[in-house]
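Number of protein chains: 2
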Amino acid sequence: MKYKANIQIMPQAALLDPQGKAVTQGLQQMGYTSIEQVRVGKNITMEVESDTEAGATAIVDESCKKLLANLIMETYSFSLTLI
Amino acid sequence: MKYKANIQIMPQAALLDPQGKAVTQGLQQMGYTSIEQVRVGKNITMEVESDTEAGATAIVDESCKKLLANLIMETYSFSLTLI
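Chains as they are written, first to last, in my numbering: chain P, 140 to 222; chain R, 140 to 222.
Hints were generated in silico from the structure; no laboratory data involved. Check before you lean on any hint, since a few could be wrong.
Copies of the same chain look alike in the list, so a pair counts if it fits in one copy or across any two.
Simulated crosslink set (SDA-like; lysine to any residue; CA at most 25 Å straight-line) [claimed, not checked]:
#1 LYS204 - ALA153
#2 LYS143 - ILE198
#3 LYS141 - THR172
#4 LYS141 - ASP190
Predicted, not measured: the structure shown is a model, and the values here were computed from it.
Take the sequences, apply the hints, and build the full model.
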């Protein structure tokens, strides 16, 4: 079976996020003063072939830990849907 | 009232995504041969102050169109939650 994984990787809450800060300032200078606390991370989608949902979860989790996310600076979460 | 917006910005389906292709190949070389069709986009969170959910939706939608997403190459979607 094939699953679609939707992965969100965000900078850890405790860390500064210079890109998010730049976007916040840019938006405020454009007049969007009601926007604050912008944080910028990555959104990754992929298709995973696996017999079980647990198997697909394990593959996505491992790929996040080993390649996609830098756990020192980032946190990740993901959801799976059968396609 | 304050809303938290969760915005996903992805490369358009019709376009090549070189970063996603590189990640696909990287994962396959690491032995994750069941993963394919990786696409890499941005995940942006922000806090928006607005009296109504419709108002917050309008602000987020405008900021995506004017600054965050490049509509020629990307599509965006977002959800709002009251915080």
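Evaluated hints:
1. LYS204 - ALA153: Cα proximity of LYS204 and ALA153: one copy only (19 Å, versus 29 Å across).
2. LYS143 - ILE198: within (12 Å within a copy, 30 Å between copies)
3. LYS141 - THR172: Between copies only: 13 Å across chains, 44 Å inside a chain, cut-off 25 Å.
4. LYS141 - ASP190: Within one copy, since 8 Å is at most 25 Å while 42 Å is not.
No hint from the list above goes unmet by this structure.
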